[in-house]
Each structure stands twice: as C-alpha cells, then as structure tokens.
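Colleague: For reference, the chains in residue letters:
There are 4 protein chains.
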Amino acid sequence: MKELRVGLVGCGFMGRTHSNAHRRLNNFFQPGRRSVLKAICDTNAEKAQAFAETWGYERVETDWRKLMQAPDIDLIDICVPNFAHAEIAIAAAQAGKIIICEKPLARSVAEAEPMVEAVEKAGVPNLVMFNYRRVPAISLAKQLIDEGRIGRPYHYRTNFLQDWTISADVPQGGDALWRLDVKAAGSGVTGDLLAHNIDTAMYLNGPITRVVARTETFVKERMHTLTGKVEPVGIDDACLFIAEFANGSLGLFESTRYARGHKALKTLELNGADGSLKFNLEEMEYLDYFQYAGVESHVRGWRRIHVTNGEHPYMSKYWVPGLVIGYEHSFLNALADFVECLETGRKFQPDFRCALQTQKVCEAVIQSGKEGRWVETGVEL
Amino acid sequence: MKELRVGLVGCGFMGRTHSNAHRRLNNFFQPGRRSVLKAICDTNAEKAQAFAETWGYERVETDWRKLMQAPDIDLIDICVPNFAHAEIAIAAAQAGKIIICEKPLARSVAEAEPMVEAVEKAGVPNLVMFNYRRVPAISLAKQLIDEGRIGRPYHYRTNFLQDWTISADVPQGGDALWRLDVKAAGSGVTGDLLAHNIDTAMYLNGPITRVVARTETFVKERMHTLTGKVEPVGIDDACLFIAEFANGSLGLFESTRYARGHKALKTLELNGADGSLKFNLEEMEYLDYFQYAGVESHVRGWRRIHVTNGEHPYMSKYWVPGLVIGYEHSFLNALADFVECLETGRKFQPDFRCALQTQKVCEAVIQSGKEGRWVETGVEL
Amino acid sequence: MKELRVGLVGCGFMGRTHSNAHRRLNNFFQPGRRSVLKAICDTNAEKAQAFAETWGYERVETDWRKLMQAPDIDLIDICVPNFAHAEIAIAAAQAGKIIICEKPLARSVAEAEPMVEAVEKAGVPNLVMFNYRRVPAISLAKQLIDEGRIGRPYHYRTNFLQDWTISADVPQGGDALWRLDVKAAGSGVTGDLLAHNIDTAMYLNGPITRVVARTETFVKERMHTLTGKVEPVGIDDACLFIAEFANGSLGLFESTRYARGHKALKTLELNGADGSLKFNLEEMEYLDYFQYAGVESHVRGWRRIHVTNGEHPYMSKYWVPGLVIGYEHSFLNALADFVECLETGRKFQPDFRCALQTQKVCEAVIQSGKEGRWVETGVEL
Amino acid sequence: MKELRVGLVGCGFMGRTHSNAHRRLNNFFQPGRRSVLKAICDTNAEKAQAFAETWGYERVETDWRKLMQAPDIDLIDICVPNFAHAEIAIAAAQAGKIIICEKPLARSVAEAEPMVEAVEKAGVPNLVMFNYRRVPAISLAKQLIDEGRIGRPYHYRTNFLQDWTISADVPQGGDALWRLDVKAAGSGVTGDLLAHNIDTAMYLNGPITRVVARTETFVKERMHTLTGKVEPVGIDDACLFIAEFANGSLGLFESTRYARGHKALKTLELNGADGSLKFNLEEMEYLDYFQYAGVESHVRGWRRIHVTNGEHPYMSKYWVPGLVIGYEHSFLNALADFVECLETGRKFQPDFRCALQTQKVCEAVIQSGKEGRWVETGVEL
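Protein chains in written order, with the numbering used here: chain A, 216 to 596; chain B, 216 to 596; chain C, 216 to 596; chain D, 216 to 596.
If you are wondering where the hints come from, they were derived from the structure by calculation, not from laboratory data. You may find that some hints are simply not true.
List time: in silico BS3-like cross-link candidates among lysine-lysine, alpha-carbon distance up to 27 angstroms [claimed, not checked]: (1) A:K493 <-> B:K478; (2) D:K398 <-> D:K435; (3) A:K398 <-> A:K281; (4) A:K478 <-> A:K398; (5) D:K398 <-> D:K281; (6) D:K478 <-> B:K493; (7) D:K357 <-> A:K478; (8) B:K493 <-> C:K493; (9) C:K478 <-> A:K493; (10) C:K532 <-> C:K262; (11) A:K493 <-> C:K493; (12) A:K281 <-> A:K336; (13) A:K357 <-> A:K478; (14) A:K585 <-> A:K398; (15) D:K217 <-> D:K562; (16) A:K262 <-> D:K217; (17) A:K478 <-> C:K493; (18) D:K532 <-> A:K478; (19) B:K478 <-> C:K532; (20) A:K532 <-> D:K532; (21) B:K532 <-> C:K217; (22) B:K262 <-> C:K217.
So that you can see chain A by itself, here it is in the shape it has in the complex (with noise of 0.2 angstroms):
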C-alpha cells in the first residue's frame, strides 16, 4: 500500500492524540494509504527520545526545520503550542508538505492569513484538526440537518466547561499549561475550547455573523513556570457571547475553567422548527433527536440515539452494535476522511481557509469582550 510518511512536531497530548490516530488508521480503515511515523521532532530531545519508543517513531529531532528539507517526509503534523503554528506551517507549505495542523489554526486573524495563503498557494492538502465533527453522533447531527430533519433553525447553544483552573496555585506557562500563557495562546477559553464549539456550530448552522462577548480572568495573576514569577494572566478563563448566524437563528456560547463539576463538559443543542438535536460530550455515545414533523403528537418526545450501529457514521468501521468508541477515535476518523481525500483529490474540511473562519468569530469575540459592544465576525458567507 501507498506510504504516507509522517513527520510531526510535539510530544505533548496532541502529539499522542494524532500519533495514536496515524497508528491505527489502517486496523480500521483502507484508505489508500498507511501513516508511516518516520519522524518525531521535540525541542526536549529527550522527551522526543521516549515518545519515539512508545509510539514507533523511526527517528528524533530536535529542529523541525530538518523536517522540510526530508525527502522522506510527505506529510508535517504541527501539534506544538499555538505560537509555532504559523512558522511550522507556512515552512512545510513551502516545502510542499501535506499539512495536519492542531487547532486552533493561530494565535490570531493576523497570523492566520499568511498560513492560508502560504497552503493555497502552495497548492498542499492541508487539515485543521477540529476533531469533534467526527464524534460519530455529531457526524449524524450534521447527516440529520441535512437530510432536513430540523427545518428552519431558530436557537444553539452550546458551551464548553470545565474546572481545571479554579485553584490559584495552577501556573501558567510551561508543559501543559501554556494554555495559561496568552503569548503561547493567544487566547484562553476562547481559542482553545470555544474555537471547538465555533467551529462546530458552523459546521452544522453555518456561518456567525455578529458577537457580543464578555470574557473575564477570575484569577489576575499566577506563577509562570518560565521566569517563576508571578505574572498577570493574560488570558480569558470564561468567555460568554450571543452570536447571530446568517441564516437568522440566534446562538448562545459559554465557555469557562471555573465550572466546578465539569472536566471537559461540550454541549450543543439546535431547535428547529421540524425538530431538535442535543449532544454531550461526557457521553459523546449518544446523539438527541426531538422529531416534531412526522410523529403523532402523543409519542413525540427527546429520543436518545446510541450512536453504534453499523449504519451511523464511521461505526462500522469498528466493533458491533452497542460497542462504545472514545475520544481518540475522533481523530481517527478525520485522518481517515483526510487521506481518503488524498486518494481521490476532493476537498477536505475543515481546512486551513475553513479554519480561519473560526479564527475571525474568535478574534471578533476577543475585541466584543474587550470593547463591550456587538462586533461583526467577517466571516465568508
């Protein structure tokens, strides 16, 4: 079978989460191509040294420059920290590689831009890794609305909640928690949680069109583990926003590290005026569907669809009926979307330009929060 040989960027959960899905792509699915891990790169040669053993990396570096000049290197996977998105990318782009990107794509619009021009013009297959639209019951969401089960849309909400963050003692900076630092991320809550839900609602609604937004830093300042100092925190731990969508339907998004009882908490839920659909991530096994039209008015009522059978998205692929899946095959099914689409040359989404919409709505909530007034996203209708 066709290789497609891997080199990717960062040994934190990321890395694990995508090397684990290039590992196990062909037990599942036959795409056309296997996911060959040629190369593991980490500044911590270290780290890099054990990750390549657990997972079966052929070879560690320390540069990822040396990555682009590989010829055995078809395909970059960036799972680094937000800031070294851009850089990586746009290198590989004009190396030629086949691009995997963690979300979200930047740190902002700004730095976004040039790395969608950089693949475009590049003309390399390139994926954005907002994984949850291949949670099989939000793939079934998306088949339903579109098989014009819900009708005209009038409400989402959605939220992204969890409670990590509440202790002041957690630092920011370093390892797992420059998701704290806002130079690493550029954002809090906002991009590394609602940049999930955003783009997930306009996977399923379409496009957002205005925000207004409050965001809040319940703690001010925490120690950063670079300078092991105390240091204003310049992240958003909750952010809040209302959002119109083009297609008229009103949306509500909340986000927040201080929602005690939740560890990774993703709602959605869509009403129509033909029906409803509700999701949950802490039990992603099963998709909600109210159907109004079409049932007789003394049997309607929320109906819990256990997303495993054979004939739901992606499942077949997997055990038998009623055998749940987790989090991880979530991007198991993306890389398997996206090399099929290398197979046959039809477009993938969400890619780096799809991606960059979801970067607008959160630059937009951002500057909402900051400014306290409604903001138009710019997003590409």
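Once you've looked at the hints, dock chains B, C and D against the given chain A.
Modeller: Only chains B, C and D this time, still in chain A's reference frame:
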C-alpha cells in the same frame, strides 16, 4: 350536582390520599357527582377528630359499623390495614354501599374470595385502589400497547425498591408499622409493593400463569410496638420471582425494602417485537418508548415522552403542557373514572374480582418462596 | 381557626393555580389561618359563575372595585393579565387589603413603582407569586448555598424554553393569548418567563447589576383575536442575555417560545468554587448537586437528590419519602409561608419591592435588546 | 524491551479486539514486555491473510498445531468459537505456552475441567478474557467495595440485553452466527452473555451457591448456514435466574437477545447497607454510587461518577480528565495487567480456574432451566 356521600375508614397515609382525591375531584373533573365528606371513622377518636378538621369531614365515628347503617352514606372507603378489609367490605356490600378498598384486597385468597362474592351478590360498584394504573404515563403505556405499537411481547421486568427497613431498630406493628407485622399485613413486600407491580403487569401484559420465587427476611426479629417485646418477623423483606405470562412472555419481578438509595423506586419495562416501553415512578412524568417498526434505523432510539400534554391521558384536566402533576393525582384520576362509571353504568377496573387475580399471584409467589418450586397461579384467563 | 377571606380576580390559568392553593392550604399546612373563598371576580360573568362552582367560591363579581369595598374580604388575589395589575393592586392597598399578585409585578418599572409605594404606604402584607422559589428542589438549593456548600460563585446559567408559538397561525390577544399582545403583557418571554428565572437567580445568587441582551421576534405579524386583523407582534419571542452579578459571577439567560421539544423547560445551574447545583423544572423532583469540598476525588460526581424526603423543604407536609408532588404545590408552599408570615409578623419574600427589582432587570434587558449595548439594571444592592 | 511473541487463533470479532490490545499495549502501558504479532491462524487462509495485513502479523498459519511447535511463539491467544477452546488450550499448555483464552472457558464444565488441569499441571500463566472487570467503572466499583463503602450486601441485579435475533430470518451457524448453534457455542445467552455478568458478579460480590432459572427459545427453528437446512435451535434465546450468594445476598440475572431497543445493554446494581452501585455498559464512562454512610440526609443522592480522572483505575494511562475511552480499552487494560503479572510473578485473575467457577454457574443455570428447580452450583467458596 348529584352527591356521592363518603364514609371513610382509617386515618393513616391512605386515608389522606383518598380524602385528598375526594376533596379535589370536582376542581378538575366533571364526572357527574361530587364527593361529600360525610364521616371519618377511626378507632382513635382524637386522631379522627383532627383528621376531620384537616380534611373537612362533617362528623367522626369510632365504630365503622355505624357507617353501614347510616342512610346519608353512599360510599364506604376502606383505608385500614389489610387485616380489616374483608370484614368491613363484606358488611358494606351487605349494606348496599358503593365500595372503595385500598389495595391489596386482603391478606390471602381465602380472605379475598368471600369479598368478591359479597360485592357481586350485592351488585354494588366496587374499586380496589391500584392507583398506579392511572399515573398518566402508565395509562399512556396501555394506550400504546392497545394501538399495536409493541407487537409480540417477549419480556416484562419490574421492581419496587425501598430502603426504609434496613436498620434492625425499626420496630414492627402499630400505626405506620403494621406493614411489618404479618398478622396485620398478610405478607411483606409481596402484598404491599409487588401487588402494585402485578396489577400493572397484568393490566399491560395479561395474566400471569406460573411463578417461581425466592423470598427473604433479612432481619429475623424486631421489637413489636404493640406487645413491647422482640418478636419474630413473619413478613417477607424481599421477594424476587420469575413469571410466565399467558401470552408466552417472561416476567422478572423484584421487591425489597433493603435497596439502599431507593425510597420508592417502581420501574417497569416491556419488550416487544415492534417496540419497548419503560417507566420509573421516581420520575413519573416520563414514559420511555423505543419505536422499532416504522422508524428509520439511523434515528431509532429510546424516546422520553414527557407525559404532560393535553393529548396525554388525564393531563387536559390539569394545568398546561410541560407542567407536572404528582403521585396524589393518580388517586384523583382513578376516582374520576370510577365516578364516571357510576354515572354511565360502565364497568370499572380494577374491581374486587380483578384484584382477586392479583391476590392469587401474590399467594402463589409466597407459596413458591416457601416451597422452592414453580407454582401455578390459577389466575382467570 | 382564623379566616383569611379571599376575593380573587381573574379566572384564567393563574386563577386556577391560586384557587387550588387556597383550597388545599389547610389539608397540608397549619399556618394559623384558613383561606375562605368568598368572591371570584371576572368581567365575563358566565365564566366567573362556572369558576365559582368548580372551585367553591361563595359569590361572583364582575367589577373588581366591588371587592375593595367589601368588608368580608381580607385579601385580594390578582390573577388578571399584566396590564391590570397596577390599578387593582393600588386600589387594594388603599383599601387596606392584604395583596397577592401574580408575576410579573407590572408591565414596566414606571407602572410598578407606584404599586410598591402604595403597599408600603398602606402597610399591607403583599406577595408576588414567583412560585418557583418554593419548588422544594429550589428551596433546597437555597439552603445548600446558605450552608456554604457552593463557595465563591463563578457562573450562573438558566433558561426557560417553550415551543408553542412556532406556528405563525397562533393568534395574539384574547384569553390565554394575551401573553402575545404587547399592550396586555408589556413584554414577551422576558416578562412572562425570564422574570421567573431572574427572580430565582437573584434569590440564589444576589443582585444582577448589568446586562447585554439580544431579543428577537421571529413571527413579525399575527392575527389579533380582539381586532380580527393581522397586526404587528410587539413582544419578544426570544431573549438571550449576559448578566453581571454584584458578587462578581457571570450569568447567562435565555428564553424562547421557539425551542422545539421543550414545553416548559426551566433550568438553572450555579457553579461555585466548592460545589455546583443544577435544576430542571421538567423533572422538578430532582436537585443535582456536585460536592467538591469534603469528597474524596475518586468518588466525586453529580448527585441526583430526589427531593422527596421529610428532611427536604416542605416535603414533610405531603406524603411519604420517594413520592413526588407537582407544579401546583409550589403555589401552596408559597401561600403557606405567606400566611405564616401574616401570623408571626415576619416579612415575606418576594414582596412587591423585591419584585420591583426583577422588573428593573427585565426592563434593562428589553432596553439592551433595543439599543444593542450593555445597560445598568439599577437593582438595589 | 522484552518481547511477548503472540500466535493468535481466530480472525473473528474477538480476534480483532485481542489483536488491537496487543498492538496498542505499549502506547499506553509499560508492563515490561511488548507484544509482537508473530502469527495469525485461521482455517480460512484468505481471511487470515487479510487479517495479517490489517493488524500487522508477520506470518499466517491455517493449522493451529503449527503454533504449538513454533519456538518463536510465547503466547497462544485463543479467539475461536467455544467448541475449539479446550483442544487448543490443552495443547498450548502441554507445549508450555502462555495462554489467553476468550470467554467462556468452554462449552461445559466437563470440557473446562481438563483445561484447568492442563494449565495448572504445566504451570503456564493463563487468562480468560472476562474483559468487563477492567472497564474502569467496574474496577472502580470493586475498589469502592474493597474500601468498605457498601457494607453488608443485600441485593445484586444484573442483565445483558440485546435484540439482534428477534427476526426468525436470522440463520444459525457459520461465521458470526456460530453463537446461535448449540454445537459450536454450548449454550446461548447463558454462555455468551450471562457468563460475563456472572464473572463480574462473583468478582464484586463473591461466590454464587444456588440458582433457579427459566430459559426460553423463542424461535424454535432457524436455517443453518452450514447445512443449508432449517434445523431446531438448541440454544437458549433468553435466560432469567435468581441466585443466592454465599454472603447471604440475593441476585437477579437476566439475558436475552429479544429485548427490543437494547443492542448491548449490560447493567448491574449492588445494594448494601452503607451504599449502592450501578453500572450500564451503554454509557460505560459512568459509575453511579449512592453513599449512605457519612452523608447528611438532605444531600444524599445517586452520584454519577464520570470515571475519566487520573485517580480512576487505568485512566491516568490514557488522555486527560473528562475524555472517554471505549469498549476496546477493557481488553487493553486486561492485557496490561496480565503482562505485568508475567513480569512480577503475581497471580492474574481471572485465570482458567476462576473461569471454571463461572462455567459451573452457567451449567447449573442451564440445568435449572431444564429441570425447573433450584440447583447447587458447586462453586469453590
């Protein structure tokens, strides 16, 4: 409006639920007669007096025999412990009174049979208060079955779980605790709790023909409040049985007062070829329905029907869609149907004869528990 | 027992819930007085007559002014559409009557302020029927907060979702539909539904100081039943707002009558440093509680408290543990507390002044929706 | 790292789950050895070849006997239909191989006993794949029991419900359908499904001593794919039984493939004096726990533990708190524990002897179903 003049015997928990039903009947229903609370009777005069004031009874009696001779009493409502049902009911029938009797009908089949004979000989309307049939969600379940939505039934499982007798310090006998005294109650969870499940099961799924049971008494001795002495416990603390229904399906029944975490959990589930139904008394506003036939496979799921719409049984009588009613309304619904039957001459169910069938199943269950073998119920087919 | 002689104005849905509360008060509570249903008043004499028969009122009036002069009326219970609250309440205050007023207090702050002035000048006891505070689960939520179990609050989110006006064929005006007529109602979902959420939110989490809102009217014109003509719809069909609480936490509020699948979904969630709480009116027997502080990490989880035990607010008055009460009992609980305050002289909440604060938030919300900017509520701190 | 060279027999569903576990072991666990997929064996060479390519086996065999003699194979992994377990396992033991055997151990006790004897005589490490013990929520249940949180146990109820054989058109025999052929499977739902429930039950609640069962075959004849003829169905379609545990608690077990609406519902509940536990495989990320002892009565409730935190069993090995794993990871967890036992010399459970106890219960259940009476299990105490 025509009056239905009530003499009620027994000031306990059930005396309250029945009184409440009588008092509120005409606020919600127009069955053609209105209950007038003429007399409350209890051997404890003080208790009866207070009860009369709370519920608005016109007079107090301490000997139920007085009610039989009273020309201003149309209906005898029997809310005393099980041991006294038979004597009062038979006297009431002989006096030509309409009879409402709290469940179970009696302590045994031997005690129940003359009761049935008496009411049928006298030709007096009679009701046994298996109120759960009139929980709107259960009435809706019956309706869906009658609409042919379930198809050939395969399985029926039901339980009634409580946890209030786990402590060995709970005494038996006297007031609310007569339920633990086998002489007063006849049996334990079988007559007190499973009788409800059996009635509902036969209402929804037809006659039970054979059973094999396991009964248990976890706490072997308890202080008796009447004698002041520690005495053997004669009731069943827990009862599990497997049942065969006449329609070929299999039943599984369980009740206990040792299920920590359940105060009054009464659940049922019916599985048929074309659909399934589930109910849980702790959230009695819902009926769960799985529709198989006529639903595309990718949107099949368990549907939570919030049984609060005008088109649901009884609900048009109460508030507006979405607003829940409670436990007590099942009594009100039963009384409304009963009074309407009085007016129209239609036969009300469940009556004494119907309740006798449940008694037969209870007795077969207790016998099977003692003898450790399958027992025929002898229920009328 | 001392009598509390009631003259009730308005035979609609709320006339029923209040009458039911009066009639049943003494079956469950011993607050020292008993409601006597003296007079029902409605401009529609026929309707009033039928209502009197159903609920047991002694006489019928068609002009509420008669009640003011009646020496046999102690309490005026106002259950008419919003537009008539002010005139009746002020007259009742001037007549020295005790006053119960259905929520919202009025159509506007300008209308509400003289009402507050009138009752305070007259010194008459007064209640505004924000009944949801007395749903046992919400009363328990308040208790847990007061016990210090939630700690510093960060987030409060709440909504009230219905779906009964999706069809453009639903007319406005007249009978139950006055809620869609801005002249009768003052506002749409904001005053009708969100007023409840705002009252509960300030009860549990303190004053709301600033809001930014988005209101929408999805159906722009509806037949008016009074004029027979298609007329513009002046109410808000949907309202979403972000709120700041005086305690530093952030709120998210949403209401609509276009949320397919929800008849009367009213939810709330509060997240604090030490714990969180959730409630859903559709299954009002539960309060969900996440206890962080004092629980070992491996057994932390959201706890469903089935709020039906004797130790839960109000529940010792009703049946036995595990058995649920319904929507209507929240009115009964409120009335019981109010009557007890009459007897003891304690101050009842929510009174007119308290309801005025909710009115201020509603008005700020509507104004923000119109002007597209943050608005100060002016709520008393 | 030391190698564990695997020869796996059987390319079906279980061949896939076991292969997946071997391949991924070292991505998440460091048990001291790494699985090397040496040989895959299936009588169907073409199928074996494709399987080898998908999962990365080095070579293909069509006769399992070859594996016994192969010096480069350390471990025989048996994933064939039940009828072939005994012969292969005994040969493997005699060849001194480490053995993994899919459950149930065999078709009968008579077949299983020599298997136990063989592995014990040979002294080879052995595992029977009752994988559900290693679902993190079930492992956590065991931990909570061992921590003394449940107290004296009273009740255990469990079921395994499916619906895939309702249609009489489903044939028996061949490929995936050998489960419906009594000669291949030994029994129906008892060995295929209830064996899991029995293993978990005895893991959590100790030995089962007596049972009374009712078995049923709803569809009496099915086309046999191997003979092409309609033949009697010899398996049990459904099985219900009541059990006595050695610790004095009572068990209720049910399994069927006729429970419309359930694909693979496996639930359990344990009630003890101090607490209760519940689990449902369809939402396997949760363990429900009711804590009685040590909780104030007004905040007692069923707690949903989202078993995804680092402090929960196995979860520190995977992603981050809140993110769910799936069905397949239970195999991975089991394998990791087994390999760690190989390294440390600790005894792994469940081994063949342990699985024999489950086999005894299954056999007593089938016998009781046939004879309609209580049967002793003969399980080792």
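Colleague: With reference to the structure, classify each hint as holding or not holding.
Modeller: Status of each hint after checking the structure:
1. The suggested pairing of A:K493 with B:K478 is violated, with an alpha-carbon distance near 31 angstroms, which exceeds 27 angstroms.
2. At roughly 15 angstroms between alpha-carbon atoms, D:K398 and D:K435 fall within 27 angstroms of each other, so this suggested pair holds.
3. Distance hint between A:K398 and A:K281 is fulfilled; the C-alpha atoms sit about 25 angstroms from each other, no more than 27 angstroms.
4. Of the pairs offered as hints, the one joining A:K478 and A:K398 holds, with about 25 angstroms between alpha carbons and a cut-off of 27 angstroms not exceeded.
5. Straight-line distance between C-alpha atoms of D:K398 and D:K281 comes to about 25 angstroms, which keeps the hinted pair within the 27 angstroms bound.
6. Of the pairs offered as hints, the one joining D:K478 and B:K493 holds, with about 16 angstroms between alpha carbons and a cut-off of 27 angstroms not exceeded.
7. A hinted pair counts as satisfied when its Cα atoms are at most 27 angstroms apart, and D:K357 with A:K478 qualifies at roughly 23 angstroms.
8. For the hint pairing B:K493 with C:K493, the CA-to-CA distance comes to about 25 angstroms; that is within 27 angstroms, so the pair holds.
9. With a C-alpha separation of about 16 angstroms, the suggested pair C:K478 and A:K493 falls inside the 27 angstroms cut-off, and the hint holds.
10. This hinted pair does not check out: C:K532 and C:K262 have alpha carbons roughly 33 angstroms apart, beyond 27 angstroms.
11. For a cut-off of 27 angstroms, the pair hint linking A:K493 to C:K493 stands: about 18 angstroms separates their Cα positions.
12. A distance of roughly 22 angstroms separates the Cα atoms of A:K281 and A:K336; the hinted pair therefore holds under the 27 angstroms criterion.
13. Note on A:K357 and A:K478: the hinted pairing holds, with a Cα-Cα distance of about 26 angstroms set against a maximum of 27 angstroms.
14. At roughly 17 angstroms between alpha-carbon atoms, A:K585 and A:K398 fall within 27 angstroms of each other, so this suggested pair holds.
15. Restraint check for D:K217 and D:K562: satisfied, since their Cα atoms lie roughly 20 angstroms apart, inside the 27 angstroms limit.
16. Between the alpha carbons of A:K262 and D:K217 the distance comes to roughly 22 angstroms, so the proposed pair stays at or under 27 angstroms and holds.
17. Between A:K478 and C:K493 the CA atoms are separated by roughly 16 angstroms; this keeps the pair inside 27 angstroms, and the hint holds.
18. A C-alpha spacing of about 17 angstroms is found between D:K532 and A:K478, which places the hinted pair at or below 27 angstroms, so the restraint holds.
19. Using a Cα cut-off of 27 angstroms, the hinted pair B:K478 and C:K532 holds, with the two alpha carbons roughly 17 angstroms apart.
20. A hinted pair counts as satisfied when its Cα atoms are at most 27 angstroms apart, and A:K532 with D:K532 qualifies at roughly 25 angstroms.
21. About 32 angstroms separates the Cα atoms of B:K532 and C:K217, which puts this hinted pair outside 27 angstroms; it is violated.
22. Distance hint between B:K262 and C:K217 is fulfilled; the C-alpha atoms sit about 22 angstroms from each other, no more than 27 angstroms.
Hint check: violations occur at hints 1, 10 and 21; the rest are consistent with the structure.
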